[in-house]
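Each chain, letter by letter, is given below.
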Amino acid sequence: MANRNLLIKYTKLFINNQFVDSASGKTFPTLNPANEKKIADIAEADKTDVDHAVAAARAAFKIGSEWRKLDASARGKLINKLASLIERDTEYIANLETLDNGKPYGDSVFDIACAIDTFHYYAGWCDKIHGSTVPADGELFSMTLREPVGVVGQIIPWNYPILMLAWKWGPALATGCTIVLKPAEQTPLTALYVAALSKEAGFPTGVINVLTGYGPTAGAAISSHPDINKVAFTGSTEVGRLILAAAAKSNLKRVSLELGGKSPLVICSDADVDEAVQIAHGAVFNNHGQNCCAGSRTFVHEDVYEEFVKKAVVEATNRKVGDPFADGIQQGPQVDDKLFNKVLSLIEAGKVEGAKLECGGDRWGKEGYFIQPTVFSNVTDNMRIAKEEIFGPVQSIIKFKTLEEAIERANDTSYGLAAGIVTKDINTALIFAQSVHAGSVWVNCYDAVTPQAPFGGYKQSGFGRELGEDSLKEYLEVKTVTIKMPYKI
Amino acid sequence: MLFINNEFVDSVSGKTFPTVNPATGKKIVDIAEGDKADVDKAVAAAKAAFKIGSPWRKLDASARGVLLNKLADLLERDAKTLATLETLDNGKPLTAANIDILICANTLRYYAGWCDKIHGQTIPADGTVFSFTRLEPVGIVGQIIPWNFPAALAIWKLAPALATGCTVVLKPAEQTPLTALYIAALVKEAGVPEGVVNVIPGYGPTAGAAITAHPDVTKVAFTGSTEVGRIIMADAAKSNLKKVSLELGGKSPLIIFKDADVDQAVELAHQAVFINQGQICCAGSRTFVHEDIYDEFVKKSVERAQKRKVGDPFTETTEQGPQIDDEMFNKVLKFIKSGKAEGAKLECGGERLGDIGYFIKPTVFSNVTDNMTVAKEEIFGPVQCVLKFKTLEEAIERANKTSYGLAAGIVTKDLNTALVFAQSVQAGTVWVNCYNTITPQAPFGGYKESGIGREMGEVSLQEYLQIKTVTVQLPYKL
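Note that the protein sequences, when read in sequence, are chains W and E. Each residue of the first sequence is one higher than the one before, starting from 1 at the first, in the working numbering. Each residue of the second sequence is one higher than the one before, starting from 490 at the first, in the working numbering.
Please note that a few of the clues may not be correct.
Only pairs whose alpha carbons sit at most 25 angstroms apart, straight line, appear in this in silico DSS-like list of lysine-lysine [stated by the list, open to error]: (1) LYS387/W - LYS351/W; (2) LYS488/W - LYS890/E; (3) LYS966/E - LYS424/W; (4) LYS559/E - LYS81/W; (5) LYS516/E - LYS850/E; (6) LYS966/E - LYS459/W; (7) LYS473/W - LYS606/E; (8) LYS902/E - LYS488/W; (9) LYS677/E - LYS77/W; (10) LYS77/W - LYS559/E; (11) LYS473/W - LYS62/W; (12) LYS547/E - LYS424/W; (13) LYS199/W - LYS559/E; (14) LYS606/E - LYS77/W; (15) LYS540/E - LYS957/E; (16) LYS569/E - LYS81/W; (17) LYS484/W - LYS747/E; (18) LYS747/E - LYS488/W; (19) LYS606/E - LYS81/W.
In case anyone wonders, no lab produced these hints; they're calculated from the structure.
With the rest of the complex left out, here is chain W:
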């Protein structure tokens, strides 16, 4: 049941299975975006705390440690246990997530279910990570061992706090790594709660550490730490560059990035327009538009363009905005004032550059970072709203004529996270899927992300993959062992 009156249990850093103050004693506030009021003061980590956490994670990773001595299958049992504890506390965690992030309570419940499924998926991989024996030339016996990469730093964003945590912890724990996680400063609460659950589940001390704090301090300390073997980041392309540079400058730690997008969704002339409008609406408005793979360029074939725009506007106008704890609400506030202002300024740019504002375009209400669901039509490729990631509830509808043209314009971006197409035609679907430069392509659906299949970006939307078997690679090192044989066998 949705309930905003929660006891906030954990507000401190989590190191070595204990909640501790930051070394400096400093704290920072986390706000409720629905009313702009402070929820709680949270311990603020900086470099010293990162050093402590890394030391803890390193000790937990040492050969002979409790974590290293576990059977791989035992890691799977721990991960499943954590998932079941999250399931047990779903209601509390969903309320916490909605309080901190502003997404509707039902969305939080859904995110938690996805997080649980993600953990179950990875639990199953633990004892199935195989190296190879190899028919090498010579009198040799050669094999590969796939070993955990080590101590991993993980920096996650505020748009899906608990789900991004599951995406990061799943493969790291499955492969046997140890973790220093920094949740976004806007949304630290559910990460700290799940940290407590990880201790309850029985993870040995030092395996999981959570440091709440800011990017330029705690985040930077992680990406440049000499004893972190790998950093995984989800967030803006701008910060992704900083992290890659810090890794290069420090110890060449391995890097995986999941960054922004300006994903095209192509509605073909044979699409059922009502279905297409539904798909396109969800694609861009889900999670208040705060979704890296949002279908934020809606290409509609000229034959169905007018009808589509008309129906898309109705859909957007009917979208229920309001108190995320209330029943039936589809859209809460944007996460903070910074993003709120950014979205409004991009909406201004849309108006100024000549797009047609069909509905919305302004703040919603007087309190909290709410924005009206906004639809622009007659958008052209050179407008800012067609090129830059808005990360808000703004749909940009663009007209096209042929498939080849749509593919070319879809690919005309430095991003490459996702793409979608709505069509009944087999050739159209297959050509599009194989031609578009995107890490995920959806046909007659959108945002269909499941734990079993990989997700990640082409080009400046990032590198590396999360979910699916491929995600494990990011957390493993391959060691080749070659033994001399007395004779060839």
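Position chain E relative to chain W; hints supplied.
Positioned in the frame of chain W, the structure of chain E alone reads:
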């Protein structure tokens, strides 16, 4: 009773057969006896459950994993009951039955993890085509299991079949139907849809044969004797060319090298052959010992065998219970007789223990040579045969000189010896400085006449899958 479509039912004929407690020779209970008519019903149920659109087929692959994990939870919940039933029906010590149930749970959890990770491929085929493979469940599978590890082998069979989305008709051994039926009830409790798992107790020549000859069964998996394995393969050939996987007998060599710690080697070799009353397909039943340590090894092996505690399987200190039934009991005694007659030296044991139940004294033969019956044929009883060897090459050659090829072991500290042996011996599993170390993660199965196909590990899934290639014409090359 029989378990069909998630219900316990009488056999069509109404017939029953007794299951006996081998520690006392007395009947435990009467069990419904399945025959062809019952197999037909079970296969029909399994076929309906396998149809596209059925509740089983509509489940997400990950949901199958949730069911398998749930079944593991239930087995753990009822572990005591299951272990007790197992010891009553099979005669193995309760301490051993407890371990078997643990293995069941771990195996289920291993396969639970595979369900949504079974990947086909997209393929760069020549031409303007888009090609991909799907790995689909092979269909309705018949599974026939033996009496030596009744619960564990039921799970070894059910887990990969369910993980891949198949439906099952399982026939437990007539000597040990009880735990399979209990597990069937747990399958229903876990929430597995009706018809997915069906259990038909009965005899090989009737129920078993009906399964292997059934035209709607697309695959049969069998664990048991090589003799019956041949019959099953022939039946498959004669009926519908159903896929066959077999896990059969063995006469597995264990090599004790001269650099071995003799005390450690003695214990290892003792467990290798005496575990489960010697009733294990991969028993280390030919113990090759280097001549330099031979006498010491024999002396200590005899001491160890004489210390082996044989008796009531419900007593905690018991190491060895009765053999499974009078047929096996007599067979083992006959082998022992041949050993004496053919000139092996009987060091200890060699006869029945007590008056009640099928107990045999732990028996050790030394001076065994390769041509003796006890060195060539699978005894499946508590009989250790110790042979002498001189060089590694000789040991490898003699180890491979058998139509079997299930397992092999070596005890040595030398790196080259270990690697050369591991790579030269013709066996599906090779153990170095250990024995009978079987885990869900790594494949198990036989070379040569010890069988076809593998259980456990990723490769085991292949037995329950078929590959479909789909090729779609594209308007131009991409």
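Evaluated hints:
no., hint, result
1, LYS387/W - LYS351/W, "holds (15 angstroms)"
2, LYS488/W - LYS890/E, "holds (21 angstroms)"
3, LYS966/E - LYS424/W, "holds (21 angstroms)"
4, LYS559/E - LYS81/W, "holds (13 angstroms)"
5, LYS516/E - LYS850/E, "holds (24 angstroms)"
6, LYS966/E - LYS459/W, "holds (23 angstroms)"
7, LYS473/W - LYS606/E, "holds (15 angstroms)"
8, LYS902/E - LYS488/W, "holds (21 angstroms)"
9, LYS677/E - LYS77/W, "holds (24 angstroms)"
10, LYS77/W - LYS559/E, "holds (13 angstroms)"
11, LYS473/W - LYS62/W, "holds (21 angstroms)"
12, LYS547/E - LYS424/W, "holds (23 angstroms)"
13, LYS199/W - LYS559/E, "holds (24 angstroms)"
14, LYS606/E - LYS77/W, "holds (18 angstroms)"
15, LYS540/E - LYS957/E, "holds (17 angstroms)"
16, LYS569/E - LYS81/W, "holds (23 angstroms)"
17, LYS484/W - LYS747/E, "holds (22 angstroms)"
18, LYS747/E - LYS488/W, "holds (24 angstroms)"
19, LYS606/E - LYS81/W, "holds (20 angstroms)"
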